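First to last, the sequence lines map onto chains A and B.
Numbering that gives the first Met the number 0 numbers the first residue of the first sequence as 0 and each following residue consecutively.
Numbering that gives the first Met the number 0 numbers the first residue of the second sequence as 0 and each following residue consecutively.
By construction, these hints were calculated from the structure, which means they are not laboratory data.
Mixed in with the good hints, there may be bad ones.
[Said to hold, decoys possible] Across the chosen pairs, the derived CB separations fall in these ranges:
| no. | chain 1 | residue 1 | chain 2 | residue 2 | range |
| --- | --- | --- | --- | --- | --- |
| 1 | B | H95 | A | E274 | 48 to 56 Å |
| 2 | A | G21 | B | V175 | 30 to 38 Å |
| 3 | B | G132 | A | E91 | 21 to 29 Å |
Computed from a predicted model, the values in this text were never measured in an experiment.
Backbone N, C-alpha and C define an ideal beta-carbon position, used for all residues, glycine too.
Here is how the chains run, residue by residue.
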Amino acid sequence: MSGEQFLSTSERTFVVNALREGIRVDGRGAYEFRGLSIELGGGGFGSAEVLLGKTRVLANVSAEVVRPTANSAEGFVLFNTSFSPMASPAFEAGRLTEEEVLVSRMLEKAVRRSRAIDTEGLCIVAGEKVWSIRVDIHVLDHEGNILDCACIAAISALLHFRRPDVTVEGDQVTIHPMDERNPIPLSIHHIPICISFGFFDKGERVVVDPTHLEEQVQDGDFIVVVNTHRELCTMSKAGGAGLDVARIVQCTEVAAAKAAEVTELIRGALTKSNEIKK
Amino acid sequence: MVLQRSDGRTDNLQLRPPTTTLSPLSRADGSARFAYGKSAVLAAVYGPKEVRLRDELLDSAKIEVLFRPLVGLSGTTERLYEKTIREILESVILKHLHPRTSVQTFEGADDDSSSLILSCAINATILALMDAGVGLKSMVASVTCIIDDSNQLVLDPSAEEIKGAKSVHVFTFDNVSKDVTSCVSTGVYTYEQYKSVFEVSQSACASVQAVYRQTMENKVGGVETVDEE
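Bound-form chain B, shown alone:
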């Protein structure tokens, strides 16, 4: 049986080639846009810079994350995204190198919000941090996976596919230890399903990291945009 997904892909485990743009903004210290299909996030990084007195940490940089939705004001979902991204960054940024400073990252959704936005936001932020030259321990990459209503595992779902999902998993992997950095799972799933999602996400993240590498190589080579479509 030839499977046909709503956006024309023929395999449930097919990752759309992500689209990346490095340094689209001129004022920010570093910025990047990352998109899976039509879900896109623009991220900007300022720092290490002067820190607000009450946020000052004696032994490390303070990491601040702000996520803005495309429509309306930020609510609880955006707070959750901010918390998830901040926790990832806390473990990735070499923050002890910049005590008494702050590193601020801002993410803005460029398209309709679905769980996919979180993956895009994490990836865009990491690219923006690399663009800003902030020291990182490793490059983390994030993908989204769902278990659909017929218990099929679907990698990198579209917004329509997410709507009918039994469970949604946003996995973030490290490129050095290949271990999981963060995982946000919602819905009902079995241990076996979780295990298979884990393995699929792990290999998918490696290919996203290859895209990071390509993007950075293009920057160093003097060309600033990559369009992999």
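Bound-form chain A, shown alone:
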């Protein structure tokens, strides 16, 4: 297969030389995100389509009642990422790329392990019935920084999602259809936002939200997951050029500021979609 196209040396040097002069190829500032558009509810409750520049990710949340593992009183939250071959010629159906594994692991750490979703609230009858929340993430267009886009899509979809109401009387469990009783939102403790950085010139130069071109040229990456309370949820520095400690502190500061901006945008999109429903 042709796969990803190799980058020419002149393209590489062009990107790096421009950065040395403080210019990014698409004209953004080093700490500037691409334009973010969040569309909620296109496919009903719990669907979010997020466009970060030209990178496009669709997240869809669904719920079903399942039996929990041995006497547990907690529900499940599952992530399923699919890098559709639609997004880039480098993705092949049925073959897991390293990037895909990285993205699904990071999402899992960012949203599930940071305890953003109250899994105890998903319990219906302890040890018998719990809600299993499934988040399907479809990458539709790959123009760089899939992770941040996927994280925003996943958390927006989870915030938008409503599950059917349930009543328990003795042994009798009734799941009420959506038109009978108002469906219930998930209880979400905080909104983790993933911010990716790319490094050039052995860590000398840093950009936020790298494009596909920049991703191919960068010496290393650094990922910070942070929420509006300025709490760090996850950090990842998986290989690449070594980083100065001061750089890491600086990046974390930037990430905290960016996370606040992104959270505002998500909240804005949620209010807008709620108004439409009324």
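Starting from the structure of chain A, add chain B where the hints point.
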């Protein structure tokens, strides 16, 4: 009697104006989104491009189709959709022009799956192929029809209407010969019913083809989206 359908239409033979978006994706060679009401499909086309060695055909392009559902992994239904779409494309694409290459199409459902999704997928794929500039013999268009429990013929049903149907028919027609390219029918129906579904679908497909034309004209004119709602 004034008939009221669940989505507010007043006639059983009324087609919802389809919504189309051309080139929503930037990486793909061609892409399109096609929707009947709330059922929507996004399609992307790559090709003609390098072919895998074992798929190489000496005299024509290899056509690959991949359909992804919105929720979960693809199963037998998706395989059936892929097969139906591939067979249509085999007869429509001028594949002899591109020997030893592959043309790949990918469809992703944007909304809950019902039989309507297949019609949307076929139409989205054809639009995406046109967007990619892949040579076609003709523009095919697809519509869905059902015979409901009171033996009424219903064109372009909603997901709720499909649930109570006696039989579901997905017809695909050619715009040159006006002949049927593909037909997937499930359920129990009589020959007369089949004949009337055939005729209704044939004229409905012509109006979908008019939407294709309008969409392409808008693209050539520099405007890339059409919203017919």
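Hints versus structure:
| no. | hint | verdict |
| --- | --- | --- |
| 1 | B/H95 <-> A/E274: 48 to 56 Å | 54 Å, holds |
| 2 | A/G21 <-> B/V175: 30 to 38 Å | 57 Å, violated |
| 3 | B/G132 <-> A/E91: 21 to 29 Å | 24 Å, holds |
Checked against the numbered hints above, the structure breaks only hint 2 and satisfies the rest.
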